[in-house]
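K.L.:
These are the residues of each chain, in order.
Number of protein chains: 2
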Amino acid sequence: MPLLYHYPLCPHSRFVRLILAEYGVAAELIEERPFDRRPEFLALDPAGRTPVFVDDDGAIVTSGVIADYLDEAYGDGRGPHRLLPTEKLARIETRRLVDWFNVKFFEEVSGWLVTEKVYKRFSPQGGAPDMDLVRVARANIRHHMRYIGYLTSHRNWLAGDRLSYADFAAAAHLSCVDYVGDAPWDEDEAAKHWYQRIKSRPAFRPLLADRAPGMTPGPVYALLDF
Amino acid sequence: MPLLYHYPLCPHSRFVRLILAEYGVAAELIEERPFDRRPEFLALDPAGRTPVFVDDDGAIVTSGVIADYLDEAYGDGRGPHRLLPTEKLARIETRRLVDWFNVKFFEEVSGWLVTEKVYKRFSPQGGAPDMDLVRVARANIRHHMRYIGYLTSHRNWLAGDRLSYADFAAAAHLSCVDYVGDAPWDEDEAAKHWYQRIKSRPAFRPLLADRAPGMTPGPVYALLDF
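Residue numbers (the numbering used here), protein chains in the order written: chain D, 169 to 394; chain L, 169 to 394.
Keep in mind the hints are simulated off the structure, nothing from the lab.
Errors might be hidden in some of the hints.
Because identical chains cannot be distinguished in the list, a pair is counted as satisfied if it fits within a single copy or across any two copies.
Think about it this way: if two alpha-carbon atoms lie no more than 30 Å apart in a straight line, the pair counts; the simulated DSSO-like pairs of lysine-lysine are [to be verified]: (1) 360 / 256; (2) 256 / 288; (3) 272 / 360; (4) 360 / 288; (5) 288 / 272.
Just chain D, with the same shape it has in the complex (with noise of 0.2 Å):
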């Protein structure tokens, strides 16, 4: 069975096991705390980054390479369900959203939350979380949030008609941010509601089951209807 080494409030890792779900890709999943450094960790990844997805072709790393591989792996055959669509046009609106969510929302948001409020506090080099930090991630959530809804309520899913990676990708972050109770879920209707679509797969499930040592998640994250 292929293996899956994540870290349950890595956004990164997220996206993969929400694709393996969708996918039905049974794989065994390995926690692992990428801010120990563990050295055999580090030598299936130099980079020492979560996810990192190992079966009989070795080792893959980083959440957009496994999820081109497990398209490319899994994705055939799926027609309409495929998650990155064949299709010209939806295929370059579909991947450019996954990288806005992996890259841009990581870097303006879900990074610095989940730096500051959880791997801080579990790592040894640890400390306070800087709340300047997160004072910026939560005034720039709100344009995410507002340019989520703008998408959602002129198609019906992300990145078109059809449900995509790009929905999982912006799902897996929002679902961190939610944790740490730092989803503003006033600020956009068609946003808040395209979330409670995806939240209610079963894909979605384990994650809702997530809990990090001492920390309760934010009030509505487990709920389906909120």
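Please arrange chain L on chain D, whose structure you already have, making use of the hints.
P.N.:
For chain L alone, kept in the frame of chain D given last:
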């Protein structure tokens, strides 16, 4: 003819310029100063980052998405000369290294050097370079040079026996670092030989002719034999 909005010393733009040249795709180059945040440019890409590629399929943003698009549009039928290999393990390794240079090397080295030494000089909100960041980047690059040396002394090119996107991603970032005079060519002999080989390709010539106003490139920047 397709358009490429690029900035001459943006490593992500250079990655795409090299791909276009290698695949023989003629495109009109339009110089864009991303730090000016020109409204017409933000309309193409709300994130406001170079490069942006525009053809009949519309505007395509981020170097990774453009690279995937170009390989799918122009790589087919090139057999062993395809720059994103179709063979599974070579494909994974190429993508891993493209991410390594476009994300990790950029975060640890080229992003800081280009921002501090180039963007700050020309941006209206600029200022003096933060020399602490420059020093950290100069220390970090030595590890990367040894990693390039390690890979290319075990393989013909970075990701394996054949030239691939991995080589062009690495060379794109390294060429910007070399422009600002911070590439330590004494660090690793194999890394230097690999760079000499890729630098000699016709696709590289236009990059070696780039000049930023008032900034003389590093001493060996345009030399093929250094």
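K.L.:
Take the hints in turn and mark each one as holding or not.
P.N.:
Hint check:
1. 360 / 256: within (29 Å within a copy, 39 Å between copies)
2. 256 / 288: Classified as neither; 42 Å inside a copy, 37 Å across copies.
3. 272 / 360: Within one copy only: 20 Å inside a chain, 33 Å across chains, cut-off 30 Å.
4. 360 / 288: within (29 Å within a copy, 39 Å between copies)
5. 288 / 272: both (21 Å within a copy, 21 Å between copies)
Of the numbered hints stated above, the single one contradicted by the structure is hint 2.
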